[in-house]
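Chemist: Here is what each chain is made of, one letter per residue.
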Amino acid sequence: MAKASSAGAGRRIISVGPSLALLPFLTYLFIFLVVPTVTVVVGAFQSDAGLTTANVRALGSEAALTALWKSVLLSGITAVIGAVLGGLLAYLVLVGPPNSPLRRITMAVSGVLAQMGGVTLAFAFIATLGYSGVVTEALRSWPGIDIFGSGWLFGLPGLVVVYSYFQIPLMVIVFMPALQGVRPQFREAAVSLGASTRQYWLQVAFPMLRPAFLGSMLLLFANAFAAYATAAALVSQGNPILPLFIRAALTSEILLGQQNLGFALALEMIVVVSVVMTLYAVLLRRTARWLQ
Amino acid sequence: MSGSLAWRVFRWTVLLLLAAYFLIPLWSMLDFSTQAPGTQPGRTLEAWRALVEDPALREAIIASLLLALFTVVLMVLLLVPTMVWVRLRVPGASRLVEFLCLLPLTIPALVIVVGIKNVMLWVTYFVGDTPLALTFAYVILVLPYSYRAIDAALSAIDVATLSEAARSLGAGWTTVMVRIVLPNIVPGVLSAAFVSVALVLGEYTFASLLHYDTLPTEIALLGKSQATVSVAASLASLILASALLLGLGLFSRERRTSEGQ
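In the order they appear, the protein sequences are chains A and B.
Under my numbering, think of the first position of the first sequence as 1, with each following residue one higher.
Under my numbering, think of the first position of the second sequence as 293, with each following residue one higher.
Don't take each hint at face value.
Not close to chain A: a few residues of chain B, all C-beta gaps over 12 Å, as computed [stated by the list, open to error]:
| # | residue |
| --- | --- |
| 1 | 298 |
| 2 | 344 |
| 3 | 348 |
| 4 | 351 |
| 5 | 361 |
| 6 | 461 |
| 7 | 472 |
| 8 | 476 |
| 9 | 478 |
Derived pair list, reagent style DSBU-like, types lysine-lysine, alpha-carbon separation capped at 30 Å [stated by the list, open to error]:
| # | chain 1 | residue 1 | chain 2 | residue 2 |
| --- | --- | --- | --- | --- |
| 10 | B | 516 | A | 70 |
| 11 | A | 70 | B | 409 |
| 12 | B | 409 | B | 516 |
In short, the hints are calculated from the structure, not lab data.
For glycine and all other residues, C-beta sits at the position ideal for the given N, C-alpha and C.
With the hints as extra help, turn the sequences into a complete structure.
Modeler: Written as structure tokens, this is what we have:
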């Protein structure tokens, strides 16, 4: 902060006055972002009696571990599905003519659907695949199949189908720039050096796109791992995944000290998401080096 | 290879299957929300009429719209002066401000809810126990998206020259902000506002866990008793949010093409 190189600012920066104007902003973020986060981190190591590691140790309980595992499973599966199908969709759209309506529509619709989540999305799928959903009823009346079954929509398999609805469009948005960075000239160069199509893909295109692809997949993982609203609106019984386990810890009035368990679970969530996002940042930097 | 018949068949099959996956739920919502009650055949707009007639739902819609409005106002008041000021007077703080603004992307909303209880008690002590207390938390949620939109707009203009010109003609800092910088970044501020409104109208995590009645929590509640009404309300809020986000896309494209001239 002391070494501003621009001539005009150099003189002023010495006085503290201008920085004071940032106080409202900094105070606001301190109160509504930093304080809640610190509350979670500190609360995870506290009980009514003082400092303790009991809350964090409770994360090792079977119920908590199952919730964590199912969350990782759900985020992992939907990240892979989203990355593969979203990447494929981005590619299929991109090989078409530039500025085609297909590409414009795909980008615009992806922008909307990647943000769609929560209650709206849950009810969209209840209206489609729920017990009296439109598709369920249609299949029941014609081929006579009952796809509702025993209510898979409200368990982990249902969450996979529903989460993919925002994961695939998110992949299209984050992966498209990388895909556009692979210029036709690269292919021409490879072919002129005698490469076959197969060689071009395996030795040029895939290695170039790998960091971006893996990075996008990590972003999708974090996105699904942190998502709460969709699952909360869809699943009202049981707590199959970590966010719903946190809800149970927050709203449960059965056990005292559950609030501190909630803090520990939330801390677990911060740790997982920040590790994933850090890896994402590392991969993003590597992508940026290649695709400018 | 890209011209062969097999490839074209493959391409269009995949595209159509994906289109079906994305369109069927939307179409189902429309179909479901217009179904006549029970097993009767025919269509009815009963559920859609309930959107404006149901008093609880109407109240929730009004609460959500007010929340969206207040969030946008507070976000603009907090972010625009700070970001302009950082560019003009304390460029050394730009990394810190950017880091703080993008931080909510890494800290899940659910985590903030878990830790915000005491802060919210203090907020409701001052503003009363209304859903509008959520405004303060929602500003944090929309911060990353708003920051990016406004930052892009600020990068496109020469803030320093504009403000120096204004200052040398005797303008005060308020005049510089309101009459010089703001009119030049209107597109960016509007983009930020659009995204914020779309996010606030669909926000469920804070509202449900802190027990406030907003549109999404009311929809979730209705889902237990009147499924068709809740689906109609979901579709309506989805259409509104899409209109905002698509309008945003249209808007930024127009800006880009006009700047390209």
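Chemist: For each hint given before, does the structure comply? Return the numbers of the non-compliant ones in rising order.
Modeler: Of the numbered hints, all hold.
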